[in-house]
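Make the full structure from the sequences, and use the hints.
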Amino acid sequence: MGMIASNAYLAAFSAGTVVGIASTYVFLKFRNNWHTQHENKVKQDPLIMEEKYEFENTDDEIRLILGVRNDLKMQKGKVAAQCGHASMDAFAKVYKKSPELLKSWLKTGGTKIVVRVDSEAQLFELNSRAKNLNVFSCIICDAGHTQFGEGDGNFRLMLGIRNDLKMQKGKVAAQCGHAAMAAYAKTLNIPKLLKRWRKSGTAKIAVRVDSEEQLLELEKNAKKLNILTSVVRDAGQTQVAPGNRIEQSYKDQGR
Numbered sequence: 315m316g317m318i319a320s321n322a323y324l325a326a327f328s329a330g331t332v333v334g335i336a337s338t339y340v341f342l343k344f345r346n347n348w349h350t351q352h353e354n355k356v357k358q359d360p361l362i363m364e365e366k367y368e369f370e371n372t373d374d375e376i377r378l379i380l381g382v383r384n385d386l387k388m389q390k391g392k393v394a395a396q397c398g399h400a401s402m403d404a405f406a407k408v409y410k411k412s413p414e415l416l417k418s419w420l421k422t423g424g425t426k427i428v429v430r431v432d433s434e435a436q437l438f439e440l441n442s443r444a445k446n447l448n449v450f451s452c453i454i455c456d457a458g459h460t461q462f463g464e465g466d467g468n469f470r471l472m473l474g475i476r477n478d479l480k481m482q483k484g485k486v487a488a489q490c491g492h493a494a495m496a497a498y499a500k501t502l503n504i505p506k507l508l509k510r511w512r513k514s515g516t517a518k519i520a521v522r523v524d525s526e527e528q529l530l531e532l533e534k535n536a537k538k539l540n541i542l543t544s545v546v547r548d549a550g551q552t553q554v555a556p557g558n559r560i561e562q563s564y565k566d567q568g569r
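Take the sequence shown: its letters are residues 315 to 569, numbered as in my numbering.
Be aware that one or more of the hints could be misleading.
Computed spacing ranges between beta-carbons, pair by pair [to be verified]:
| id | residue 1 | residue 2 | range |
| --- | --- | --- | --- |
| 1 | K480 | N446 | 35 to 43 Å |
| 2 | Q389 | G423 | 22 to 30 Å |
| 3 | E527 | Q389 | 23 to 31 Å |
| 4 | K387 | K480 | 17 to 25 Å |
With a cut-off of at most 25 Å between alpha-carbon atoms, the simulated SDA-like pairs for lysine to any residue come out as follows [as the list claims (entries may be wrong)]:
| id | residue 1 | residue 2 |
| --- | --- | --- |
| 5 | K390 | K421 |
| 6 | K407 | T425 |
| 7 | K500 | G515 |
| 8 | K506 | K534 |
| 9 | K506 | E533 |
| 10 | K410 | F469 |
| 11 | K407 | K387 |
| 12 | K392 | K538 |
| 13 | K407 | Q436 |
| 14 | K392 | L507 |
| 15 | K410 | K534 |
| 16 | K411 | T501 |
| 17 | K407 | T501 |
| 18 | K480 | S418 |
| 19 | K392 | R430 |
| 20 | K537 | F469 |
| 21 | K421 | G515 |
| 22 | K390 | K480 |
| 23 | K500 | G424 |
| 24 | K392 | V521 |
| 25 | K537 | R443 |
| 26 | K390 | K538 |
| 27 | K509 | V521 |
| 28 | K407 | E434 |
| 29 | K417 | P505 |
| 30 | K506 | P413 |
| 31 | K534 | Q436 |
| 32 | K407 | L508 |
| 33 | K500 | L539 |
These are computed hints drawn from the structure, not numbers from a lab.
Bear in mind that the values here come from a model prediction, so they are computed numbers and not experimental data.
Think of the CB as a built atom: it goes at the ideal place given N, C-alpha and C, for glycine as much as any other residue.
Right, here's the structure in full:
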């Protein structure tokens with residue numbers, strides 16, 4: 315599940331994978347004081363993952379919440395890819411339906427939190443609750459692309475993850491979501507590229523990066539090939555030291 319919420323807005327999406335298919339729900343709703351009423355419940359909820367973000371004085375805070383299906387025992391790479399896709403969809407929906415909400419979220423630093431979803435039933439229950447609240451909903455199915463042939467011509471979203479930082483799944487999910495949205499924002503100015511990526515089945519791949527130097531080298535090489543790229547730096551609100559460059563995302567432009 316993913317959510318962008320404040321005291322004035324509620325936008326949420328849920329992400330899970332079942333037999334190679336990921337379902338992502340996107341919700342958008344204007345509800346006064348929703349966050350204030352639920353803040354204590356969220357902090358005490360056992361579904362909050364160990365890698366959670368902590369915020370204080372959040373009456374006016376907007377955040378992105380990513381929910382990860384715990385029962386599927388996904389590895390970090392799969393979590394990264396699915397949360398990246400979910401984040402991009404949330405970005406696209408909010409960009410279209412409520413650009414002011416998106417602007418406010420970016421102004422607050424693009425804060426994120428990761429929560430655990432224990433089953434498919436719980437995932438669909440979240441969707442049902444959203445519909446009961448008369449919020450927007452959208453389902454995305456994963457294309458199941460886990461391997462790509464060399465020179466296959468596909469467009470793909472690639473997420474490079476700093477292995478040396480030893481991040482937990484929750485942290486990886488949040489940061490890859492951020493990186494994916496940064497890549498998506500850049501492709502808005504190149505609609506043909508975005509269209510071709512969607513035609514390729516929204517292919518995604520996560521790769522390991524062993525150091526900051528290697529991450530920056532990848533960024534340098536991508537720019538030489540005229541490939542869109544974005545490096546995400548942590549805001550310092552979790553266990554990773556502030557300022558660390560964490561993920562890189564870029565779209566393969568078929569070169």
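How the hints compare with the structure:
no.: 1; hint: K480 with N446: 35 to 43 Å; verdict: holds, 40 Å
no.: 2; hint: Q389 with G423: 22 to 30 Å; verdict: holds, 28 Å
no.: 3; hint: E527 with Q389: 23 to 31 Å; verdict: holds, 25 Å
no.: 4; hint: K387 with K480: 17 to 25 Å; verdict: holds, 19 Å
no.: 5; hint: K390 with K421; verdict: violated, 29 Å
no.: 6; hint: K407 with T425; verdict: holds, 18 Å
no.: 7; hint: K500 with G515; verdict: holds, 19 Å
no.: 8; hint: K506 with K534; verdict: holds, 24 Å
no.: 9; hint: K506 with E533; verdict: holds, 22 Å
no.: 10; hint: K410 with F469; verdict: holds, 23 Å
no.: 11; hint: K407 with K387; verdict: violated, 28 Å
no.: 12; hint: K392 with K538; verdict: violated, 28 Å
no.: 13; hint: K407 with Q436; verdict: holds, 23 Å
no.: 14; hint: K392 with L507; verdict: holds, 24 Å
no.: 15; hint: K410 with K534; verdict: violated, 32 Å
no.: 16; hint: K411 with T501; verdict: holds, 18 Å
no.: 17; hint: K407 with T501; verdict: holds, 15 Å
no.: 18; hint: K480 with S418; verdict: violated, 31 Å
no.: 19; hint: K392 with R430; verdict: holds, 15 Å
no.: 20; hint: K537 with F469; verdict: holds, 16 Å
no.: 21; hint: K421 with G515; verdict: violated, 32 Å
no.: 22; hint: K390 with K480; verdict: holds, 11 Å
no.: 23; hint: K500 with G424; verdict: holds, 16 Å
no.: 24; hint: K392 with V521; verdict: holds, 11 Å
no.: 25; hint: K537 with R443; verdict: violated, 44 Å
no.: 26; hint: K390 with K538; verdict: violated, 29 Å
no.: 27; hint: K509 with V521; verdict: holds, 24 Å
no.: 28; hint: K407 with E434; verdict: holds, 23 Å
no.: 29; hint: K417 with P505; verdict: holds, 21 Å
no.: 30; hint: K506 with P413; verdict: holds, 22 Å
no.: 31; hint: K534 with Q436; verdict: violated, 43 Å
no.: 32; hint: K407 with L508; verdict: holds, 15 Å
no.: 33; hint: K500 with L539; verdict: holds, 16 Å
Of the numbered hints stated above, those contradicted by the structure are hints 5, 11, 12, 15, 18, 21, 25, 26, 31, listed in ascending order.
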